[in-house]
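Visitor: Protein chains in written order, with my numbering: chain A, 1 to 213; chain B, 1 to 298; chain C, 1 to 119.
Every clue listed holds true.
Calculated pairs, EDC-like style, for lysine to aspartate or glutamate (alpha carbon to alpha carbon, straight line, at most 16 Å):
| no. | chain 1 | residue 1 | chain 2 | residue 2 |
| --- | --- | --- | --- | --- |
| 1 | B | 150 | C | 9 |
| 2 | B | 101 | B | 277 |
| 3 | B | 245 | B | 218 |
| 4 | B | 101 | B | 91 |
| 5 | B | 149 | C | 42 |
| 6 | B | 150 | C | 42 |
| 7 | B | 88 | B | 26 |
| 8 | B | 134 | B | 218 |
| 9 | B | 149 | C | 9 |
| 10 | B | 113 | A | 200 |
| 11 | B | 33 | B | 95 |
| 12 | B | 113 | B | 182 |
| 13 | B | 242 | B | 255 |
| 14 | A | 125 | A | 54 |
| 15 | A | 112 | A | 129 |
Computed list of chain C residues with no C-beta within reach of chain A, every gap over 12 Å:
| no. | residue |
| --- | --- |
| 16 | 11 |
| 17 | 14 |
| 18 | 15 |
| 19 | 45 |
| 20 | 50 |
| 21 | 51 |
| 22 | 53 |
| 23 | 65 |
| 24 | 72 |
| 25 | 84 |
| 26 | 87 |
| 27 | 91 |
To be clear, the hints were calculated from the coordinates, so they are not data collected in a lab. Note that beta-carbon positions come from the ideal geometry of N, C-alpha and C, so glycine has one too.
Here is what each chain is made of, one letter per residue.
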Amino acid sequence: MTERARRLLEIADDELILGWRDSEWTGIAPNLEEDVAFSSIAQNEIGHARALYELAARDLGTTADELAFDRTPEEYRCAALVEHRFADDWARTIARHWLYEAADAVRLEALKASDDAEVAGLAGKIDREEVYHRMHAEMWEERLRDEPRFREAVEELWPQALGVLAADLRAGLAERIGREPVEAVERNGRSPEFCELWEEMTRVRRSIPGAAW
Amino acid sequence: MSQEQEFLEYVQSGGQVETGDWMPDEYRAKLIKFIEMHGNSELMGVLPEREWILRAPTLQRKLALTAKVQDEVGHAELIFRVVADLGKPREQCLDDLISGKAKFHNVFHYPTKTWGDVGAIAWLVDAAAIISQKALLKCSYAPYARIMKKICWEESFHILHGRDVVLTMMNGTEEQRELVQEAVTRWWGPLMQFHGNPISREEDPMYIWRIKSQGNEEARQQFLDGYVPQIWELGLTVPDPKLRKSDEGVWEYTEPDWDELKHVVTGHGPRTQERLDLRRAARENTAWVRSVVLPEAA
Amino acid sequence: MIYEVFRQERKGQAFAHAGSLPAPDMAFAEVYAREQYGRRGESVALWVVPRDQIQQIDEFVDELERNYHRVDGYPLKAKLKEARERAGTASDDADVPAAATHTPPPPEPGSARREANGG
Numbered sequence: 001m002t003e004r005a006r007r008l009l010e011i012a013d014d015e016l017i018l019g020w021r022d023s024e025w026t027g028i029a030p031n032l033e034e035d036v037a038f039s040s041i042a043q044n045e046i047g048h049a050r051a052l053y054e055l056a057a058r059d060l061g062t063t064a065d066e067l068a069f070d071r072t073p074e075e076y077r078c079a080a081l082v083e084h085r086f087a088d089d090w091a092r093t094i095a096r097h098w099l100y101e102a103a104d105a106v107r108l109e110a111l112k113a114s115d116d117a118e119v120a121g122l123a124g125k126i127d128r129e130e131v132y133h134r135m136h137a138e139m140w141e142e143r144l145r146d147e148p149r150f151r152e153a154v155e156e157l158w159p160q161a162l163g164v165l166a167a168d169l170r171a172g173l174a175e176r177i178g179r180e181p182v183e184a185v186e187r188n189g190r191s192p193e194f195c196e197l198w199e200e201m202t203r204v205r206r207s208i209p210g211a212a213w
Numbered sequence: 001m002s003q004e005q006e007f008l009e010y011v012q013s014g015g016q017v018e019t020g021d022w023m024p025d026e027y028r029a030k031l032i033k034f035i036e037m038h039g040n041s042e043l044m045g046v047l048p049e050r051e052w053i054l055r056a057p058t059l060q061r062k063l064a065l066t067a068k069v070q071d072e073v074g075h076a077e078l079i080f081r082v083v084a085d086l087g088k089p090r091e092q093c094l095d096d097l098i099s100g101k102a103k104f105h106n107v108f109h110y111p112t113k114t115w116g117d118v119g120a121i122a123w124l125v126d127a128a129a130i131i132s133q134k135a136l137l138k139c140s141y142a143p144y145a146r147i148m149k150k151i152c153w154e155e156s157f158h159i160l161h162g163r164d165v166v167l168t169m170m171n172g173t174e175e176q177r178e179l180v181q182e183a184v185t186r187w188w189g190p191l192m193q194f195h196g197n198p199i200s201r202e203e204d205p206m207y208i209w210r211i212k213s214q215g216n217e218e219a220r221q222q223f224l225d226g227y228v229p230q231i232w233e234l235g236l237t238v239p240d241p242k243l244r245k246s247d248e249g250v251w252e253y254t255e256p257d258w259d260e261l262k263h264v265v266t267g268h269g270p271r272t273q274e275r276l277d278l279r280r281a282a283r284e285n286t287a288w289v290r291s292v293v294l295p296e297a298a
Numbered sequence: 001m002i003y004e005v006f007r008q009e010r011k012g013q014a015f016a017h018a019g020s021l022p023a024p025d026m027a028f029a030e031v032y033a034r035e036q037y038g039r040r041g042e043s044v045a046l047w048v049v050p051r052d053q054i055q056q057i058d059e060f061v062d063e064l065e066r067n068y069h070r071v072d073g074y075p076l077k078a079k080l081k082e083a084r085e086r087a088g089t090a091s092d093d094a095d096v097p098a099a100a101t102h103t104p105p106p107p108e109p110g111s112a113r114r115e116a117n118g119g
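Looking at chain A on its own, in the form it has when it is part of the complex (with noise of 0.2 Å):
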């Protein structure tokens, strides 16, 4: 796998996998006027990982559904801060959130300055999108940074949203957000959660092989 693919795989799980999360809400959030909302977002951030995937699947001879969904667990590369199901914890949701869409804007300057036209023209497109999403995010989090379970969910993702960012990004990320740097959570394994996940997302897929849907 060459190293392009292999950083767009990187890229495209985490917005596939939050998007997942995301979607989660549907139906369920704290008002309708959010549930939409927070839709628009999750959809937007499938759509980011579909056309990643796109890009990496030129490269790999494969498709973007296949990258999406006929891989092992073990063949994923997401963040550790986008497997975990918060999809009862508003405070938890919007602090990933806020979080993931502050490292994803600090990913994706860094990406469009890349030599890699393909690679800088899509994250130019992304990161055009990304706006609205950072938007709601910063609406949210003025609204509950003082909340105790905001802080504290915070607190507890901080080292998970380092570590969605490569080593050398993550004191960008410390300024921007205005925290210190702590010891990241690299990208290292699957959870059990995100298992979970990988079974239910792939159930009907796996259900009848190679159809067409």
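Place chains B and C on chain A using the hints.
Guide: Only chains B and C this time, still in chain A's reference frame:
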């Protein structure tokens, strides 16, 4: 002529009513109940479908299904806003839904079992709903008629999605075709009950006040006319040996089980309690968010 | 707070009322309006306004029937018929297209003065 009589003649001759206009108490009460049931149905309709978002077997299907379910929540948003302006706040509607006091359509009380259901629901259940919804475009209460325009436009995408899912499976493997057939067979009963028992429109208060512009049987006939040919042309069957179109162009069918319909909508469907419990739990779970940030009453 | 949303479907069109939504403040209202009225690309622009900022006016008084504000205040048909007859240009078919561009012959001497005097 009494004010009420004048109002009745006004709406029956096509007159439109706005939020601040005088309206008889009975009209307002019936309107609220009818529109509230629609809102509840959109909200409860989300629950059988949302599980399948997580299990969607391609990225495209995942996106389309998420967008469909999102639309339904958006519709609930629009609908409860109309009810609130008529005098019943959203939180009160949600209270009544969760307590079982308010009703929602029969189809959302049933389980979904396979990806075949995802196709069948978006294709046939949404089709049955859109027939009623198109008739509501002429509702005498203008704010409701206006949101129906947006709702109908968005629903048309859902039917496209449903047909796409079904056609892909019908052109796929034998096992996939069986999934579709099994789902259609299982949903046929609730579909036939969906438009309600055949009360004549002259006896239907909803029609008298021109809240609805078509009778129940009219809607059902339209559904059969539009969709039975679509079902049969794919080689699928429907579990009713009596189903046929007469020489006069009227669809004949086995009388639906109206007792089952009544039993289900009064809160005894196979999934009613489980889904109301889920709504209650989600609402309790996020109550702190509403008190900290989001307004209580809409 | 309730916010009213107006949407413009395409550039050049009028902003039309689209609906209303509840939100704690304008920042939320903007996010929610964008979602409800723009997620399917159905609008090119939105106006979001707090409901209490909108003043509805729905009573218009015209007790003395001011017909000069309406088309029926200008009963031209009979006068046009009379004028055409006088000029000898009347035809049975009042909708003959040529009549629109036809230049009537000059009035008979004296007739203009008679017209001006309400003749």
